[in-house]
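2 protein chains.
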Amino acid sequence: MTGPGHQPADDLRTLLRVTLEALDAGRRDRSGPLPAGGPAAVRQATLDALGPGPLLPRTGDGEAAALGALTRMLTAGSADPADPFCAAHLHCPPLAVAVAADLAVSTLNPSLDSWDQAPAGTTVELEVVAALAELVGFDPTHAVGTVTTGGTESNLMGLLLGSHTTGQAAIRSRARGRSGPRAHHGRPGPRAQLGRAGRGGSAGPVPVLCSAAGHHSVRRGAELLGLTKVVPVAVDAAYRMDVQALRAALARHDGPVLVVATAGTTDAGAIDPLAEIADLVRSHPAPSWLHVDAAHGGGALFSRRLAGRLTGLDQADSVALDLHKLGWQPAPAGVFLTPSRRGWSRLEAEIAYLNPADETTAGYTSLLGRSLRTTRRPDAFKIAVTFRALGRERLGAMVDACHDLAEHAAHVIADHPRLELAAPVTLSTVLFRYVPAGTGTGTGTEEGTRLDRLNAAIRSRLLDDGAAVVGRTTAGPEAAVHLKLTLLNPAATAADVSALLALVAATGDRIAAEAQP
Amino acid sequence: MTGPGHQPADDLRTLLRVTLEALDAGRRDRSGPLPAGGPAAVRQATLDALGPGPLLPRTGDGEAAALGALTRMLTAGSADPADPFCAAHLHCPPLAVAVAADLAVSTLNPSLDSWDQAPAGTTVELEVVAALAELVGFDPTHAVGTVTTGGTESNLMGLLLGSHTTGQAAIRSRARGRSGPRAHHGRPGPRAQLGRAGRGGSAGPVPVLCSAAGHHSVRRGAELLGLTKVVPVAVDAAYRMDVQALRAALARHDGPVLVVATAGTTDAGAIDPLAEIADLVRSHPAPSWLHVDAAHGGGALFSRRLAGRLTGLDQADSVALDLHKLGWQPAPAGVFLTPSRRGWSRLEAEIAYLNPADETTAGYTSLLGRSLRTTRRPDAFKIAVTFRALGRERLGAMVDACHDLAEHAAHVIADHPRLELAAPVTLSTVLFRYVPAGTGTGTGTEEGTRLDRLNAAIRSRLLDDGAAVVGRTTAGPEAAVHLKLTLLNPAATAADVSALLALVAATGDRIAAEAQP
Chain G
1 MTGPGHQPAD DLRTLLRVTL EALDAGRRDR SGPLPAGGPA AVRQATLDAL
51 GPGPLLPRTG DGEAAALGAL TRMLTAGSAD PADPFCAAHL HCPPLAVAVA
101 ADLAVSTLNP SLDSWDQAPA GTTVELEVVA ALAELVGFDP THAVGTVTTG
151 GTESNLMGLL LGSHTTGQAA IRSRARGRSG PRAHHGRPGP RAQLGRAGRG
201 GSAGPVPVLC SAAGHHSVRR GAELLGLTKV VPVAVDAAYR MDVQALRAAL
251 ARHDGPVLVV ATAGTTDAGA IDPLAEIADL VRSHPAPSWL HVDAAHGGGA
301 LFSRRLAGRL TGLDQADSVA LDLHKLGWQP APAGVFLTPS RRGWSRLEAE
351 IAYLNPADET TAGYTSLLGR SLRTTRRPDA FKIAVTFRAL GRERLGAMVD
401 ACHDLAEHAA HVIADHPRLE LAAPVTLSTV LFRYVPAGTG TGTGTEEGTR
451 LDRLNAAIRS RLLDDGAAVV GRTTAGPEAA VHLKLTLLNP AATAADVSAL
501 LALVAATGDR IAAEAQP
Chain Y
1 MTGPGHQPAD DLRTLLRVTL EALDAGRRDR SGPLPAGGPA AVRQATLDAL
51 GPGPLLPRTG DGEAAALGAL TRMLTAGSAD PADPFCAAHL HCPPLAVAVA
101 ADLAVSTLNP SLDSWDQAPA GTTVELEVVA ALAELVGFDP THAVGTVTTG
151 GTESNLMGLL LGSHTTGQAA IRSRARGRSG PRAHHGRPGP RAQLGRAGRG
201 GSAGPVPVLC SAAGHHSVRR GAELLGLTKV VPVAVDAAYR MDVQALRAAL
251 ARHDGPVLVV ATAGTTDAGA IDPLAEIADL VRSHPAPSWL HVDAAHGGGA
301 LFSRRLAGRL TGLDQADSVA LDLHKLGWQP APAGVFLTPS RRGWSRLEAE
351 IAYLNPADET TAGYTSLLGR SLRTTRRPDA FKIAVTFRAL GRERLGAMVD
401 ACHDLAEHAA HVIADHPRLE LAAPVTLSTV LFRYVPAGTG TGTGTEEGTR
451 LDRLNAAIRS RLLDDGAAVV GRTTAGPEAA VHLKLTLLNP AATAADVSAL
501 LALVAATGDR IAAEAQP
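So the protein lines, in turn, are chains G and Y. Residue numbering for the first sequence follows the UniProt record's numbering, beginning at 1 and increasing consecutively. Residue numbering for the second sequence follows the UniProt record's numbering, beginning at 1 and increasing consecutively.
There are no misleading hints in this set.
As the list makes no split between identical chains, a pair holds if one copy fits it or if it spans any two.
With a Cα cut of at most 25 Å, we get these calculated SDA-like pairs of lysine to any residue: (1) 229 with 276; (2) 229 with 474; (3) 229 with 205; (4) 229 with 349; (5) 229 with 254; (6) 229 with 344; (7) 229 with 279; (8) 229 with 170; (9) 229 with 369; (10) 229 with 242.
Derived from the structure by calculation, the hints contain no laboratory data.
Please model the complete structure; the sequences and the hints are all you need to start from.
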């Protein structure tokens, strides 16, 4: 029996061999960055591999047979970020060492909601949080944080702690009959004032100021928390938050505010001017909270060349990082950090079966109050192993390699007669589009629609051919369809990138020619 | 270089060997269900293994060295659910086949928020959801669902969809100038009425009725969504929701309501009378939503012997399951299911870089609208492999084995002069406490406090000795400290369980004797 409870080493060894062989076989089946044929064909192939009859049959096929067949199917049916022509999203090719570390976690199945489910795992997460806090520029002895499912959860936590804190501060200010600037990065207020009785403060209508290029999860998180007023702040031509626009927005909203800045926008990789934003937020006359969504750009902290672009990040009240982007972890490896305990009372809970007070006092640390989840796998472990294995220099070199690839892509695009760069390269994202010969300056609705369709068709054609995964989004004042390369594969070469862009252009030429009468 | 982008098979093969050897070495280091010495000693050992200097050094130690050392540390420092004496929580010993399947996911790093990050993974999740819907008793062709991080997220989603739907229905009723019973399990209303404009409906003060034995995440989720009124419903002596109490609560709250029933309470494994509750909710005169938290008890559906205890589950408006409990998956493997599309409009979003409308129309399915997350690992894959590998019969046999162990434990406790059973066995949880010889009937605050301390001390002593992980919670009208066995290891034997209970009793005897003057 390959059941649990046995020392699983032998079973697991055999089954891992099956997995690795199926990964190899599936890659050979695919022979490109993604399966060819388009979504209907891929769906049918997946269903065929899942087998006839119900997915949960009365009697099973046995471990090796099911594992081998389904792993081969998943591999053949994947858009593999380890292929240089798979460059559409911020899902990275993960490091083998992180994948192997995560296997240990799967095998041991610890959970961070109580000490007795993760005696060592608890300390590992605390240490990973401290290391990342130091990287961000927070004092690691005071910083608090958690490993999350990603930027979406981290942004939600930023809004949650921020709205709780600013709401509480506003209540305290009103109680004192005055409204003055809060102490920025102040120590937490008296705990008695921040207790559960005041939780209603977090549901107040605190407006959220975020650039129009911020991630959609900011709006979604605000809606979830009932912070219905999300105020979009304009961006400059490089998709960075416009500081003058923020100043004006802050002047219009002179009560408590949350400001969300972005370090690495999803579409352009742009980094908002964090230091200037922090200054503005600090001088706001009412309680405020600055959350920085550095899910994409936080990886630049590993790089000596690029870390300076995040100057001001250490002035944030909370920060989101994602090490499953520029950190080469298998998802999820999100991180949420704050410089102090401020705001965390919102999540505190004493639950009889998890963290009774006397056990907490006795040192059985429960991380229940660090997360919106209860059961929580220590995704921190793969991060810890990666950090010890590679060190900052190798991680920084990987970031630099991706940045180099993006710079190369930008030059190729700038030199190409039918490719048009839409934003400067900041990190490893390249935003551009194909503009066929003979196109005007892009004015006119009809021409815009034609260009939109053409660029959308380039991407679909490449997907359906199984030839490349190129990203798509909208950009510019007219929300025109653009293409995007997210270059997260440091093992890709400049030649790979040149070839990918040549393929994009040739596909555009072909589709444009087909469209001729 | 063991970096990403290479065909990782060879690197990964080597590193997996390192992982397996370190798992073996760490288990030998531990030589028990958890590390001995108590939290301070475990913390120091973990810090020592993380190495001197910063966790993120300038230059790393190399993959094999870091992976081997840290995996050995994590293993030695784990409370291993594969050990029969580790029986405190609902984290299970995972199946080797599920662990191996999850490795494939880590390697390929797909994400379900857009088709082009998970072409096959998208279909896998849809098929797993359909299979689980069928297991629950929903029509799999109409059911909708998602794989979640666990019961906490699933419960939040139930509250979110439920409050949105009941709020919307109440708004529609008022608009029509009447308030009648809704059609239970009705088809979704006209989409135009459920659009985004009405989202504010979800923030309404819909009360949440949930038994006092329900999971803490219900209250936490309600607070997050601003549904501040959580009405506790009394339980009977077996910790099941009292139907008369629910009837009275529904009579007091004659507007829109959410009712959360529990199939498998955390502390006693009790299953609320689902069919009777569903009848009551159905006859409520205002819009209502019944969410069933079957995170623990849902596993009984695999068992012919126990599935009948969940009769009525198919009448729910939403259901939470956790296959990282009685499903032997490595966490996370939560599931959220609904019988129809009703409520899901709350999560719909069209995002330019993920799911532009024309691509969705063309069949590039994005599961973005199925989740509160954006990046989302297909945890469905390990479930799919497990289902195909084991079939329902083997999974059912595992559930029955755990149930047998719990019944055995209950008999041992009932026959023991100093152990006292606190609830009947329903699933695989055994709630009990140690009562020393010469104790009265448990009345009197002083005696109650002494018993509480004694039972808490038994657990701590066993933890600090590295001898056993026994659960702890409060139970009964006086919230007395009790001990708990959660028997999720089907490879454990009745002899193991007898020995564990004998150890608990002997530890109680020893501590009671030490307390004598």
